[in-house]
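Colleague: Put chain B on the given structure of chain A with help from the hints.
Here are the chains, one letter per residue:
There are 2 protein chains.
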Amino acid sequence: MTSIDRSQHDKLANAIRSLAMDGVEQAKSGHPGLPMGAADVATVLFTRVMNYDAADPRWPDRDRFVLSAGHGSMLLYALLYLTGVPGMELDDLKKFRQLESKTPGHPENFMTAGIETTTGPLGQGLATAVGMAMAERMLAAEFGKKVVDHHTYVLASDGDLMEGISHEAIALAGHQKLNKLIVMWDDNGISIDGPLTISDSVDQVARFKACGWRSERVDGHDPEAIEAAIRRAQKSNKPTMIACKTVIGFGAPKKAGTSKAHGEPLGAEELAAAKKALGITGGPFEVAADVLKAWRGFGAAGVAAHKEWKERFAALSERKRTEFERRLAHKLPAKLDKVILAHKKALIASPVTIATRKASELALDVIEPVMPELVMGSADLTPSNNTRAKGAEDFTPKTPKGRYVRYGIREHAMAAAMNGITLHGGFRTGGGTFLVFADYARPSMRLAALMGLPVVYVMTHDSIGLGEDGPTHQPVEQIASLRCMPNMHVFRPADAIETAEAWQFALENSKGPTVLALSRQNLAQLRTDATATNRSAKGGYELLAAEGGKAQVSLFASGSELEIAVAARKLLAEKGVRARVVSVPSLELLLAQDEATQSAIIGSAPIKIAIEAGVRFGWDAVIGHDGGFIGMHSFGASGPYKDVYKHFGITPDAVVEAAMKRHNA
Amino acid sequence: MTSIDRSQHDKLANAIRSLAMDGVEQAKSGHPGLPMGAADVATVLFTRVMNYDAADPRWPDRDRFVLSAGHGSMLLYALLYLTGVPGMELDDLKKFRQLESKTPGHPENFMTAGIETTTGPLGQGLATAVGMAMAERMLAAEFGKKVVDHHTYVLASDGDLMEGISHEAIALAGHQKLNKLIVMWDDNGISIDGPLTISDSVDQVARFKACGWRSERVDGHDPEAIEAAIRRAQKSNKPTMIACKTVIGFGAPKKAGTSKAHGEPLGAEELAAAKKALGITGGPFEVAADVLKAWRGFGAAGVAAHKEWKERFAALSERKRTEFERRLAHKLPAKLDKVILAHKKALIASPVTIATRKASELALDVIEPVMPELVMGSADLTPSNNTRAKGAEDFTPKTPKGRYVRYGIREHAMAAAMNGITLHGGFRTGGGTFLVFADYARPSMRLAALMGLPVVYVMTHDSIGLGEDGPTHQPVEQIASLRCMPNMHVFRPADAIETAEAWQFALENSKGPTVLALSRQNLAQLRTDATATNRSAKGGYELLAAEGGKAQVSLFASGSELEIAVAARKLLAEKGVRARVVSVPSLELLLAQDEATQSAIIGSAPIKIAIEAGVRFGWDAVIGHDGGFIGMHSFGASGPYKDVYKHFGITPDAVVEAAMKRHNA
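Protein chains in written order, with the working numbering: chain A, 114 to 778; chain B, 114 to 778.
One or more of the hints may lead you astray.
Since the list gives no way to pick one copy over another, a pair counts as held whenever it fits inside one copy or between any two copies.
[What the hints assert, rightly or not] Quick list of in silico lysine-lysine cross-link-like pairs, PhoX-like style, CA-CA up to 20 Å:
#, residue 1, residue 2
1, K448, K433
2, K322, K290
3, K290, K141
4, K208, K759
5, K511, K258
6, K755, K141
By construction, these hints were calculated from the structure, which means they are not laboratory data.
Given the structure is predicted, the values throughout are model-derived calculations rather than measurements.
Looking at chain A on its own, in the form it has when it is part of the complex (with noise of 0.2 Å):
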């Protein structure tokens, strides 16, 4: 145990409550009640137990800090102050919640050095911290103990606990022995509503137990129980729940313990009166000197243990160290290109009809020999998803150097961990489950987004397409809902090559999500080049131009619609009517093109149809109000799926319909 005694424990923690109310008070809006609570759990664990540096928060070998109950932000945004975190000054914390400040009002990893991952959006940090650990534990039997051996540390709150992702979050890391996964749980029994009493009577010990845990309670107001919780956590050959039974708001007299300590300033009177209470002098974000200096000392405890992991790592071979270091900087490996270009070459020596599914996983069979890093996994659906490619192994406690995740029915925190193995470093990856249950895991998708993160969604069965598992499981508006998130990109392939051509795009991409809509049913093969360049990179290009003269009709499609787009045009030059066909991966990419680009690629034939077995919602901005849509107007049908397309009305005829009408208007 360390020898930190009491008073100072208390000095230091009441440093983290003062800034914390005094955050909240100057920008006029926060959450103090947690930061006050919290503050001795987070003491014991940035003074006593955590392994930083805070002048490197990059260190690859730190341990993890996740606050899940994100509304605590200036708990997380005083520890980077006290410890020293380079960039994080006492001014930063006055501009708490300020425009572009590092001390926004959830903690956001791309504004400050320091914060692990953007919370906010509850048990998002839970389950992402899950991902992380994961991560570590993947790292370390490739690279060895001697540069990868961390431990992962969350806080959360009851909310973190509420929501459904936890459960899932629990469940995967219960089953995996994640034992490096230690969760303090602010256990404050407050909520926005009060008292959790009034919406919960989950015991939370129990839940944890039963889903292979260890977990125990312990007052999380006493530094000396808090740690010895977490030393024996750190024995454990399973992960660790603490519940630490917290006053939320500790130190106001009025307020603590009720939900009024929870989400709003404390005001003047209540500040004032909660300051006295504890002791603490000085004006608003004062720290007394010697507080400071020992909250630096801990800050630097961890100087020496990152010198001798920098030696460590040296004496790795030149060859591990490369690959460790191209790893962390998440470079693709210098191969990717050339496998892509020859895989996509022996496609066109060898057309293929096969559904995008299966040309994801030719384009995985590829991949994966020449980037060790990818991580794939499916919530359940590997035979359906078909993300396990050849020679694949099963990640799990006894092969931890697998680098596939059976991830279970739990899409959610599929999502939320390959969010955490990305952050912790190290690897790429992908995940697969079917496009309709995007929905399931949209927070954490929208936080991948967000937070820039290059996670790869393989979501197959996308479309009415599917068939006879009718409308509960066929995607109508997911494509159009994911199109909407700003920084995802959305391919949904045609063929064999545009499906290799969206992997390289994913993969190339460094600064956000990529989702692939892949068909269940097969495609044939459309494209008939195969150059180095990525057609597909630019959302649209022409496939097709019309024969005889200037096109006359314009037709837009993407997947599996293509090939309809195809015999459309045949039909109309039967017709005689000139058509050109526009293959559409990516609809909001081509409309982030420049107007140039655009216009180039939408052309200015006067009849523009788009056919796509989805919404026409975002399809305007190609056709405009008066083009025409064959598509979905509704919810779909349980039935073969070529009856279900005619049912639809979705057919080359129908194109040729929608075209002819306005030929003829």
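Modeller: Just chain B, lined up with the frame of chain A:
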């Protein structure tokens, strides 16, 4: 206990197995494993336990049966046929998974009588059943146990219990002590990827106990044990989960107990062997006459109870009968229109500058007194969502007449429970959360849209206008992502009058759900008229005409940006440019009007600008590719909301600039 001997039970259960195998085989698609494995459990429920009258599957006091594991739909179809639900014939079973049949791939309550809810997306049935059990308790408290006294039974699979929503649902049910909810878990240890042990190790019995349930294990192929467990459950003061250990594909010699029995036809050989092993004779879809007769007897066993119920119902006061019937028919109270019109007139007489979330509360204050069936609630954001009207009482085990539900931080289960409350009958319902967290609830919202359930989502903090909480909490794409969902209506009212009209639309629309996207910040009241006509009900209308001649510019806006449009119109007038302002509280509703109505509202001004603090996606249908859009092109940012609006250029000046650029071009 009932006196059905084992050999008779086996014949009854095997009839289910036989039809399920044949249905899947004929369709060449489907899931035989669950019906075969769970046939004993289902047989016990439908022959010994449940109180129902197959001839009238709409009898209000029937026991509910929810097949949460919707992929096992042949189980349900077989039961409907065997018990004799009108309209389900052998021919329907033969059309399993064919277009427009009564036997789609997953159970669809809108296609088939006798199906309580549409299932398939895992976890939804379980969480919906929680709402049904809540509604039963509420309705019993109001009308008495003589006419409302039934159980809700759920058959759930491993997948149902792995999905996160299951945690929210069982925690809510345990907290509410919904003792008439009984969940039969089909514990077959198999998922699509293989044995469940590759992805899960949760002790489900312990987990349910931790969440306040009774829970026990039984042999799922022992009818006596199953029945005894259910009898114990019926006496409990808690909800009960019975883990029924079963063999997936029970009876299939080679595939039983493996994932090969799960989701594909057995194949002719295995099917024949299974029938032989089970002692089933006769050709495909043949049920021995004595077995069918026995089943029909059970289907009619509730006739007497149903008759007695009718007598008890007839003995109620006329007032109670009329009210019960009105409520079950989802007919609105006669006074509703009147109080809303009076409310609008009062607002015109005394205009208010308030947030639309507050305006929603004012609307509820006048609606709730005349609409006793309205059940409101919030996912722990009551003081933020303003969902709790004056005089509302909480729904708790001790106050079952309460109409306000404290859902806890459980958006997903809230949305599913609202589906269940609506499906049960007797209530209309609405629930609140932040708009950005629509993402957490989306799968259940989609089912509401698919089933056509008139649920109301009160989603506040509807844009960057929430300010300091930052991009994790600022919806940017949520409005677009909900607009593109079939049968979902999204209203983003601009002031207190439009908010009242949005509520009116939501309540009058009995065929689908409505999202009310409401502001955190105060908004001026812009409407100056109050007629009985709901001007918002066509999605858009001209708020201000151009002055001094034909409009040169049309400005379209929703919600909080309408006042920006009004201000821009004034600035443009100062520059001699004539602009009109069109309020668009519901874009997709406007686009659903006939072309003439749309044209009249959209107008023919050469310059079109839309203003909305969200993404452009969808607006091109109104403004065209060359129209101006003042809104969001990225995620938001943390800061005081006026700063955030300026930062992203959503201001009257920006509107003027966009208009003048086009005017001068």
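Colleague: For each hint, tell me whether it holds in the structure or not.
Modeller: Status of each hint after checking the structure:
no.	hint	in the structure
1	K448 <-> K433	within (17 Å within a copy, 77 Å between copies)
2	K322 <-> K290	within (12 Å within a copy, 22 Å between copies)
3	K290 <-> K141	neither (43 Å within a copy, 40 Å between copies)
4	K208 <-> K759	between (60 Å within a copy, 18 Å between copies)
5	K511 <-> K258	within (16 Å within a copy, 56 Å between copies)
6	K755 <-> K141	between (60 Å within a copy, 14 Å between copies)
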